[in-house]
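Let's have the full structure, built from the sequences with the hints guiding it.
Residue numbers (our numbering): -2 to 302.
Any given hint could be a false lead.
Straight-line distance between alpha carbons at most 25 Å, and here's what the computed PhoX-like set of lysine-lysine pairs gives [stated by the list, open to error]:
| hint | residue 1 | residue 2 |
| --- | --- | --- |
| 1 | Lys0 | Lys49 |
| 2 | Lys49 | Lys8 |
| 3 | Lys139 | Lys123 |
| 4 | Lys251 | Lys264 |
| 5 | Lys108 | Lys180 |
| 6 | Lys139 | Lys108 |
| 7 | Lys123 | Lys8 |
| 8 | Lys123 | Lys49 |
| 9 | Lys251 | Lys262 |
| 10 | Lys251 | Lys269 |
| 11 | Lys273 | Lys251 |
| 12 | Lys99 | Lys123 |
| 13 | Lys8 | Lys99 |
| 14 | Lys49 | Lys108 |
| 15 | Lys273 | Lys262 |
| 16 | Lys99 | Lys139 |
Distance ranges between label pairs, derived from CB positions [said to hold, decoys possible]:
| hint | residue 1 | residue 2 | range |
| --- | --- | --- | --- |
| 17 | Asn151 | Phe184 | 33 to 43 Å |
| 18 | Gln86 | Ala187 | 48 to 58 Å |
| 19 | Ser110 | Val38 | 35 to 45 Å |
It is worth saying that the hints were derived from the structure and are not from the lab. Where a beta carbon is used, it is the ideal one built from N, C-alpha and C, also for glycine.
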Amino acid sequence: MVKPPLPFEGKYDDVERFIGDCFTYFEVFAAYFQVPSSRVVFAATHLEGAAKDWWVHAHQDFWANHSDDPNEPRFRFPSWSEFTALLAQNFHNPASEELHEKRMFDLRMGKGSTIAYFQELEMEAKKANRRGETDARGLMVKAVRLGVPDSYTNAIANSGQHIPVIYNDWKRRVCIMYEERQKKWVFDQAIGGRNPQKSGTTATSLPKTGGATSSMPAKPAGGSSAPKASGRDSAGRWTTHPGQGLPMSIDAQKLRDEGRCFRCKEKGHLSKDCPKKKEFRDIRSVQATELAVTTKVEEVKETAT
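Structure, rendered in structure tokens:
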């Protein structure tokens, strides 16, 4: 059920609200307001404070009393349009209108929505009594061109066609552009989060810091000198331990704790001062010595024969 309008106390920024509420009430209960004067009577009963005092003095001007009228003076109610015009004329504040007009031109859309911007703009225009100036040279169009971002006005000017003229055209065009940009932003976000950046097929992936990877270890090249499990490397040289990553046969920690030499396993000296150090010769020098001895023996045999 529609409630009766709230009383009007004479505030300049409440005139439109009061008239709008009364008009809505008249539309809902139209059967009770068939007589035009009944609307004025209903609205007059909802005036309070300064507005009521004004009506007490203003309604005296509607007495019909002519000198040549044979009938007694009688009261003539104004029409609804006359009543609302008088109400708006007597309860307006020029200083406040200038303030709201300044707010119209200072209002900026920024990154907000177009609906919120135009609602606030129209509210300030109504309070400034400028809502009707919607033509090409009106203040509403001027306020829109100053309030929307430059990207909107530049895009409209660069399009070269369908340039808005009146306020409603500007409002419709800006709202459409805002909706298209919002859809594009959502689409870009969805596509950007769905398709990660592609990497080359031959590029090697770097290991992750602080985590293990599931990739297989690289195989050694054919000419690599990595030691084999047999104790020899690819060149046939003996190695200290059988393979990479396996523990050495010498328990270095145990020998260090007991004070023994790493080479001869005896106490009393370090491995660098080991007297048997010369016995551990490189395998290549041993092979060369054995080859030289064998060659001399063969020469002696040939000489003897």
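Hints, one by one, checked against the model:
1. Lys0 / Lys49: Holds - the C-alpha atoms of lysine 49 and lysine 0 are around 21 Å apart, at most 25 Å.
2. Lys49 / Lys8: holds, 12 Å
3. Lys139 / Lys123: At roughly 15 Å apart (the allowed maximum being 25 Å), lysine 123 and lysine 139 satisfy the hint.
4. Lys251 / Lys264: holds, 13 Å
5. Lys108 / Lys180: holds, 15 Å
6. Lys139 / Lys108: Holds. Lysine 139 to lysine 108 sits at ~20 Å (cutoff 25 Å).
7. Lys123 / Lys8: holds, 14 Å
8. Lys123 / Lys49: Since the Cα atoms of lysine 123 and lysine 49 sit roughly 24 Å apart, the hinted pair holds (cutoff 25 Å).
9. Lys251 / Lys262: holds, 11 Å
10. Lys251 / Lys269: The hint holds at about 18 Å.
11. Lys273 / Lys251: This hinted pair holds, its Cα atoms lying about 21 Å apart.
12. Lys99 / Lys123: holds, 13 Å
13. Lys8 / Lys99: It holds: about 20 Å lies between the C-alpha atoms, which stays within 25 Å.
14. Lys49 / Lys108: violated, 45 Å
15. Lys273 / Lys262: holds, 11 Å
16. Lys99 / Lys139: Between lysine 99 and lysine 139 the Cα gap is close to 12 Å, so the pair holds against 25 Å.
17. Asn151 / Phe184: 33 to 43 Å: Taking Cβ atoms as reference, asparagine 151 and phenylalanine 184 lie about 23 Å apart, which means the hint is violated.
18. Gln86 / Ala187: 48 to 58 Å: With Cβ atoms ~56 Å apart, the hint holds.
19. Ser110 / Val38: 35 to 45 Å: holds, 43 Å
Hints 14 and 17, counting from the list given before, are not met by this structure.
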